[in-house]
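As they're listed, the protein sequences go chains A and B. Taking our numbering, the leading residue of the first sequence gets 295, the next gets one more, and so forth. Taking our numbering, the leading residue of the second sequence gets 169, the next gets one more, and so forth.
Check the hints yourself; a few may be wrong.
[Stated by the list, open to error] In the DMTMM-like style, the derived pairs of lysine to aspartate or glutamate whose C-alpha atoms are separated by at most 25 Å in a straight line are:
{"#": "1", "chain 1": "A", "residue 1": "540", "chain 2": "A", "residue 2": "851"}
{"#": "2", "chain 1": "B", "residue 1": "212", "chain 2": "A", "residue 2": "345"}
{"#": "3", "chain 1": "A", "residue 1": "716", "chain 2": "A", "residue 2": "851"}
{"#": "4", "chain 1": "A", "residue 1": "709", "chain 2": "A", "residue 2": "851"}
{"#": "5", "chain 1": "A", "residue 1": "846", "chain 2": "A", "residue 2": "713"}
{"#": "6", "chain 1": "A", "residue 1": "583", "chain 2": "A", "residue 2": "618"}
{"#": "7", "chain 1": "B", "residue 1": "350", "chain 2": "A", "residue 2": "769"}
{"#": "8", "chain 1": "B", "residue 1": "318", "chain 2": "B", "residue 2": "239"}
{"#": "9", "chain 1": "A", "residue 1": "729", "chain 2": "A", "residue 2": "713"}
{"#": "10", "chain 1": "A", "residue 1": "540", "chain 2": "A", "residue 2": "769"}
{"#": "11", "chain 1": "B", "residue 1": "318", "chain 2": "A", "residue 2": "630"}
{"#": "12", "chain 1": "A", "residue 1": "846", "chain 2": "A", "residue 2": "728"}
{"#": "13", "chain 1": "B", "residue 1": "296", "chain 2": "B", "residue 2": "319"}
{"#": "14", "chain 1": "B", "residue 1": "212", "chain 2": "B", "residue 2": "246"}
{"#": "15", "chain 1": "A", "residue 1": "583", "chain 2": "A", "residue 2": "538"}
{"#": "16", "chain 1": "B", "residue 1": "212", "chain 2": "A", "residue 2": "387"}
{"#": "17", "chain 1": "B", "residue 1": "212", "chain 2": "A", "residue 2": "618"}
{"#": "18", "chain 1": "B", "residue 1": "318", "chain 2": "A", "residue 2": "368"}
Bear in mind the hints are in silico, worked out from the structure with no lab data behind them.
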Amino acid sequence: MNLISSLARRVLAALAPLTVLLLLLAGLWIIYQTEQRYRANQQSATEVQAEILAASVTAAVDFGDQAAAQESVDALRLNPQVQVAGVYDANGERFAGHSRAQALPEHLRDISPAGKARVQAVVPVLRRGTRIGTVYVVGTIDPLSRRLSRYAMIALLVVLTSMVLAVLAYGQAALRRVNRTLAEANRELQIQMEERARTEEQLREAQKMQALGQLTGGIAHDFNNLLAVIQGSADILLRPGLSDDKRERFTRAIIEATARGALLTGQLLAFARRQPLRPEVIDINQRIKAMLDMIRPTLSPDIRLETDLEAHLLAVDVDPGQFEAAMLNIVVNARDAMPDGGTITISTRNVLGDDASQPHGAVLVTVADTGGGITPDQLKRVFEPFYTTKTVGKGTGLGLSQVYGFAAQSGGEAKIESEVGKGTTVAITLPASDKPLPASQEPSHHIKARERTGRVLLVEDNEAVGNLAESLLGELGHEVVRARSGPEALSLADKGAQFDIVFSDVVMPGMSGVELAGELKQRRPRVPIILTTGYTEGFAAVGSRGFPVVRKPYRMETLANALDEALAAHSGP
Amino acid sequence: MVRHHLHAALFGLSLSCLAPAAAVAAQAQATPLDVQVKAAFLAKFAAYVTWPPGATGAPNDPIQLCVIGRDPFGTDLDQAVAHERVDLHAFVVRRLSATAGAKDCHIAFVGGSPTQSIAAMLDALRAKPVLTVTDAALGADRGMVHFALKDGRVRFHIDDARAAQAELSISARLMSLALSVKPRARAS
């Protein structure tokens, strides 16, 4: 279709000048033909006039009657077509004649040949076949201007048609030119768009790399500090003859360092929103009240801590530990913003839910301080991980990013407002829960510690972690069967290896812990399975399928409790 | 060849009739100019007259130009017709004293004679296919063609009625040169 139309356009464009040319040629040909016919007509008319004159003057010439001859000639004067009429005798001498314009030659031999401007006829005067004289007649031809005016209509038509065609062709050409320009502009635009997209991609990549650099640098810095503590403590512990109180001090230093490390990774995961949350329906007010006793001692005496809590606050469904961590992070920031003292106000409010995203309403928790405030350009970045205005060693830069990650992962949002010199307000909005609060706010219903031991199938691909877990399990009085991968564990089970419980890592090459748990569940439906992981990516696709999970790094108590719970649940009363 | 002679004759003729002044000087002691012109005219009339069928005989039979009675022309007439042709017909000049032998004449100049008047001669030739020519200088009686001088030039009258009686047809071209024409009766 497009091809055909473009072909037609091209043909039309080529045809237009050709048609104009043909038209002009046809017009000229018609004019030429008409002109020729006109000339021929005039010629024959002149010849007829000459013949008539010759016949009428025959006797006059024969008998030398000039008067009679002149009479015949004069009769022709009435005819406007006759310009010149002359009668010559047998000797060629002029006998009679008249002339309208040019002089009539005295002798026949002086007659000039017919030119373009006139038609003439030279006819013999015959008496019974004998030539006795000659008649010379010149006819008129209309002047060129009059003849041309006769062709004006043809010329006009030809010119008009040519002009129409020319205008059409020109229009087509102009249209084609515009189309071409448009196509070029479009192509240019596309190229520019592609270049722009490429540039933006590069910019994004650069920004990503920058953020990644910042993140990894921050992590390395904090972990190096912790590792230095662990390394130093371990070195001292290796020395012989160490006093008991020193041994305990350095051991505790190691335990604290690992606890801080765990907190750090927890915050990282919270920011990445991969923190496995354990949401519970809680009363925020109650939690805040419980925290106050914990917070107060950390504040200097010139900082006042005030609360403004809504009386009947809606219940929310969040991870209480993460909530407490978020509150702590905000309060610590507020404290650090007020080195010369001030007031920290924690308030809670119900937000009525007319928003579709929060159908049951929400709870707004704000922490306001009267500190130095944050400049607007810093304010934009405070939720970024590892962004800190504090000196090295005083903060990790993960505090507010944990707040942000926690709020977002809980289905709410975190906002920060600040005015330099007046203070900063951090607001967390958390969606209200439709579930009722549990009757009693028992922090946890710890099972009665029924110490149980048994054979544990330990599946762990990392040798060091595996060794540590084996030691811990041994300390707890369990027997351990080691497997380094999912398939190995399955083959052990198929060979009839005896075990009472399975403790498996999740992220392993080949077969994940979750897949392994599914397989084992079919082979040994009565054997309880506990999964362990430091990273929740493995759950993103399939989830934990209901198996209990112990988060790495884990304390010995945590491991013991998990094993006891699982064994107790499966062995039954 | 014949054509060439004709041209020569015409040339001579036209000299005599178109340049009278020169001719007067050249032929002063000969016959008067008007007589020569009349002689030339006599030879020319044949071309403008149609005789009844059979009157002119075979295509190459000569036309008989008769001078009956008085002869004013002499040798001029012989010279005038010497190279004259009408179609294939040449001329023969016959001089007769009376109309008695004029039966075969085609053109007859009727001059009259003491024994036979012009009128009598014309009567004798009436209804015969002979173009009768008379001259005002010789008498008032008119034949079919009647020479007369007008403004010093030789002219003629035509009596077409008389020609009609003789079953002769005179060309309109010739009649257009005539001083007067007596038309033929419409009935005939």
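**Request:** Output the numbers, in ascending order, of every earlier hint that fails for this structure.
**Result:** 3, 4, 5, 7, 9, 11, 12, 13, 15 and 17
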